[in-house]
Every structure is written in structure tokens, then in C-alpha cells.
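Engineer: Fit chain B to the supplied structure of chain A, relying on the hints for placement.
Chains as they are written, first to last, in my numbering: chain A, 4 to 374; chain B, 10 to 255.
Hints listed in this document are in silico derivations from the structure and should not be mistaken for laboratory results.
Check before you lean on any hint, since a few could be wrong.
Said to hold, decoys possible - Chain A regions said to be covered by chain B (calculated; three or more residues, Cβ under 8 Å):
hint, region
1, 121-134
2, 283-295
3, 360-372
Unchecked claim - Restricting the straight-line Cα-Cα distance to at most 27 Å, the calculated cross-link-like pairs of lysine-lysine (DSS-like) are:
hint, chain 1, residue 1, chain 2, residue 2
4, A, 18, B, 148
5, B, 86, B, 230
6, B, 148, B, 124
7, B, 124, B, 146
8, A, 46, A, 101
9, A, 18, B, 149
10, B, 149, B, 124
11, B, 146, A, 18
12, B, 187, B, 148
To be verified - Which residues of chain A face chain B? A partial, calculated answer using Cβ under 8 Å:
hint, residue
13, 5
14, 277
15, 280
Cβ coordinates follow ideal geometry from the N, Cα and C atoms, glycine included.
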Amino acid sequence: MTFILFILSNLLRQKIRTGLTVLGISIGITTVVALGIFVNSAKAATEELILAGGADFTVAEAGVADMTFSSLTTEDLALLETYDEIEHVSGVELAISKVGANAYFFQIGIDAGDLPFFDAPLVEGRLFGADATDEIMIGDRAADQLDAGIGGTVEIRDIPFTVVGIYDTGTTSLDAGAILPLAAVQEYDSREGLVTLAYVTVRDGTDIDALTDRIKAENEGLATLAGIDDVGAVDQGIEILDAVNLGITILAVFIGGIAVMNTMAMAVFERTREFGILRALGWRTRRILQMVLGESLLLCLFAAVFGSILAVILTQLIVLFPTVSAFITPQYTLDVFLRGLAVGIGVALLGAIYPAFRAARLSPAQAIRYE
Amino acid sequence: MSEQPDIVIDVQDLVKTYDEGRTRALDGANFQVRRGEFVSITGPSGCGKSTLLHAIAALERPDSGTIRVNGEEITAKRDLSSYRAQGIGLIFQLHNLLPNLTASENVQVPMYETKRSTGARRERAEELLRLVGLGDKVKKRPTQLSGGERQRVAIARALANDPPIILADEPTGSLDSKASQQALDLLRDVQRGQAVTLVLVSHDSRIAAAADRTVYMLDGKIDAESTDRSPEVETDAAASRSSPVV
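Same shape as in the complex, but just chain A (with noise of 0.2 Å):
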């Protein structure tokens, strides 16, 4: 018998109690994993979004608490065209409303001429027309979600849209959106004269860390956001759900500490006999602190596991909601999960320590007489 398979026996013979406690370290895992898929998630949408339709960067008002509430004037817009480096400049209004299920719709207003520069490509219809007013395209899993087609209707705030195109940009929040005109956005936003963001498009070879340093260098209330670090600078969502998922996996890690504490002080109180026999037989503290660390790294490895599959299954169901749906795609990348490793981990040290050291220092001729 291996020395593992020697501790997976120990673990084995409290079956309820070993189970009991994979399955509560596992809710506390679940909660860090199902929370950093979330947070990566909203993330990596932000990120879409900020790079929408191959924009090499995007423009927005600084020191706004939420991306969506920048307002850029025209002013603005023809300033960034001042550059050189720009080759292009398209100013979009975000909004998102109610559409059928749908509560958090997302729409971008965009003028037709700057359809050319902004990646979205169809894959049914058209592009909305030059002058209209009341035509739409929607994303495939809009048109999937709306269950509308080419030539049906879609109405935003109770104006009545025509489906002109179909695309699909690979973006969750855009293609369970619209792309429309942006004087009927701004009418019905009542900001004539105003955008949120402007997408940038940079000619070759431009430099473009070097371009957005100056331009926040020279306008003041300009952010300038090339990658998802730079958000902060106009919206402290993700900052938020950063500092939450990082109390959480604190609080898990306490919390399950002292779950596998109990746990494993336990062990160590019943087998104290067995301890000083194992001593007696020569087994080294050494052995013994690894025997015991090793049973509860192995219950916690066991909680990791079942935590992160319960995590994946539980977004999975999560994103059956529409509202979720249409702005994220889950985002299972190895960081959360190495997050929900580390997790189990510490748990497992901060649980096992004192126990282990219990163990390793009793008396052979002491335990041995132990009841």
C-alpha cells in the first residue's frame, strides 16, 4: 500500500464526516469559482465591447462612475480626428432597454457612414440605409431570442424598428443587441449632440500605447481605453467585482479553515492512540505531520474538484436566463480554477496545522495509553 493510498484509507473510514466536509469546503470553492467565471466573464465582455467592431481603442469621458453615463460631444470627436495617427473616428451612443425578454437590451446608435469602419458582418440583409431612421439589424442571437427576421419588427421604447440585417461579431452583448441609427438612439435618449464612446481606428504602424498616453496627457477629460486594464478609468464595476471575489475567496478560505479544523482536530482526538503507536513503531513527526497534512489536502483536493464542477454546472445554469445571457458568455479560463485550487489549498493548511502539530508532538508511551 502506497502512503497516499495509506491516508486515503484513513480518510475513508469517517465516510459521512470526510463527506459532510468535501461538501461544505466544496460550497465555499463553488462560490470562488462561480464568481471568478463571472467576473472573468463580465471582463472579457467589457473588453469586447471596448474593442467592438475592431476598434484599435475607444474614447471616453473621464472619471465617470460607470462606462455607459460618458458623454463625448461633437467637439470631442473632431478633436481626436486632429491626430494624425487616426485614420478614423466613429462616435456611438450605448443604450440598453427592455426588449421582449430581454431586460438589459443592448443597443449601439452609430451614423451609416461609419458602418464601413465597424466590424459586423452580416449574415443576412443589409446594412441600414444612409438616411433612415427607423431601420434596424439585429445580432443572430438577438434574431434566435426575438425569434424576428429580415423584414419583421422590433420595437425599442415602442418604436416600431424594421429588420434590415442579421450579423454576427462573435461579441455576447452585441449580438444579443442591435445596431441602429444613432439619431434615433440619441432621440429617444434625448442626447442629441452626444455619444458615450468613440472607436478609434489607427493607421499602420501607429504606436498605439504612445497615441493614448498622449491624447490623456493632452485632454484632460478624455480616458483613453486600449484593454481591460484601463477601464477603471471610467467604471469601477469590474474593480468592485474584483475586490468582491477577492473578500469571498478570503472568507471562504477562513471559513473552510476552520470547517477542516474541526474536522481534522477530531481525527487526530479519536486516533490519539493510534498516533503514539505509530510512533512506537518508529514513524518519524515528519511522517506523522505529512500523514495528517496529507488527509486534509486530500479532502480539500477532493472539495476543489467537486467545488469547480458544481461552479461550471451552476453558470451553466445561469446563463440559461436571458438577461445573463445576453451580456456574458461564461469564460472558464485555468486561472479560476487554479484560484479555486489555491483555495482548497490554504484551506487545507490552515485547517491541518494545528491538528497536525497535535499529533506529531504527543508522547508515544502517553498516546498509547490514551481511552
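Structural biologist: Okay, now just chain B, sitting in the frame of chain A:
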């Protein structure tokens, strides 16, 4: 005494107290065992016989005095694990097998501190279980074995690392008379067959009398010695011998 080459255990002026000195379990005990000898220690309850055995087994440190085993002073050693693992084989009164392990796995327990591979450990355990007449019960758990069989597993476990000394603390204390006799026979066969030194503690003078030499303890000291073997025990042993002869 320690200069004599055939002395393997040499206990000098051993003192061990408990309860902050109020209980004097060993009070200047002196005791020697020769190589290959079968010595029993007997005496009334509380006389210090188990404490003496535990001290020789390095399970407890004495307050004063010395214990030399094969010329090495174990009372001066810091790490006694290797001595416990390979210098001695221990047998307890209540067999003390691990309930979640099979007979074979229990015998393998002391071998984890050696460099034997998993396969070599298993082979050695099965060899020892055959030696104690349990070759057909290697996969049985302690709960599936009788009291006598459990003690045989414990004897096999004590032999796991080929120790030169076997220390047995009331090895027949929890067994009925027939099983006691069988365990005693086995121990004596092992002692002779494997040429090991056997020190056995028993409160039962009849069991103790089966040894080559019996040491009587009283109030933490060696009180008397006898080399007379009980003919009754010898006869019983021969009659009830059922385990394979080593």
C-alpha cells in the same frame, strides 16, 4: 556491564517519576539482557515493569539513569525514531492494529520508515504472516480476526524490520488461556528461529516462567531473578503448539 559483548540491553540506575515526582515508577532499576536471551519481567501491578519496558523501547524518557542498547546510549539520543523502527520490535497487550488496514497492511506499517518499495513491503508482510500461520488471512481486517490471530499479526508486525530485540508488553494479557499459550509458543519460536532477544513483561507468573530467565520487580526495582523454567508451561507449550515452527 556494557563492555561485555553479549550484553545487548544494559539498564543502569533508572529512575522515572510521574505526577511531578509524587509517583516513583522506577527507583534506580538495574537490568541486563544478553544477546538471544528470552527474559521475562514480572511483578505486581504498579511495580514498574511496563515503565521499564517503555523506557527500553524509548517510548518515555527516564528522569535519570542510562539505557544502553547494543552499546549505544539511547537515553542520550534526540531522535529515537530509527531506533524504534529498526532497533526493536514492539508488541502491545491490546495488539493495537489499525482497524482500517488489512493484516498485510498492518504488518507493513513499520516498514514505511525504511527504503523498501511498496512491492517489497507487501512481500515481506505476506512472508511474515505465513511465518505466524496467517498466510491465508493477509487481506482480513482486524475485525475479521480472532483475538489470538490479531496478536499474531502484531507479532508479525514487530518482526517487520528484522529487529534484533523484541519487546512484548503483556502480549497475552487480552487473550484466553489457549490463545495465550499459542502466542507464547509463537514468540518463543520466533525468538529461537530468528535468533532475536526477547523481553516480555507479564503480570502472569505462569507466562513469565516460560522465559529463560525471569526478573521480579517490586517498587520500581529489580527484586529477584530466577532461571528456573516452569515445566508445566513447557509441557503446555509443546502440547498446544499449533503455529508453524520457525
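Engineer: A separate judgement is required for each hint: does it hold in the structure or not?
Structural biologist: Do the hints match the structure? See the list:
1. 121-134: This one is violated; 0 residues, fewer than the three required, reach chain B with a Cβ under 8 Å.
2. 283-295: holds (count 7)
3. 360-372: It holds: at least three residues are needed, and the region 360-372 of chain A offers 4 whose Cβ sits within less than 8 Å of chain B.
4. A/18 with B/148: 21 Å, holds
5. B/86 with B/230: Given pair residue 86 of chain B, residue 230 of chain B holds - Cα atoms ~24 Å apart, limit 27 Å.
6. B/148 with B/124: 23 Å, holds
7. B/124 with B/146: 26 Å, holds
8. A/46 with A/101: 23 Å, holds
9. A/18 with B/149: 20 Å, holds
10. B/149 with B/124: 26 Å, holds
11. B/146 with A/18: 25 Å, holds
12. B/187 with B/148: 25 Å, holds
13. 5: Holds. Min distance 5 Å.
14. 277: 6 Å, holds
15. 280: 5 Å, holds
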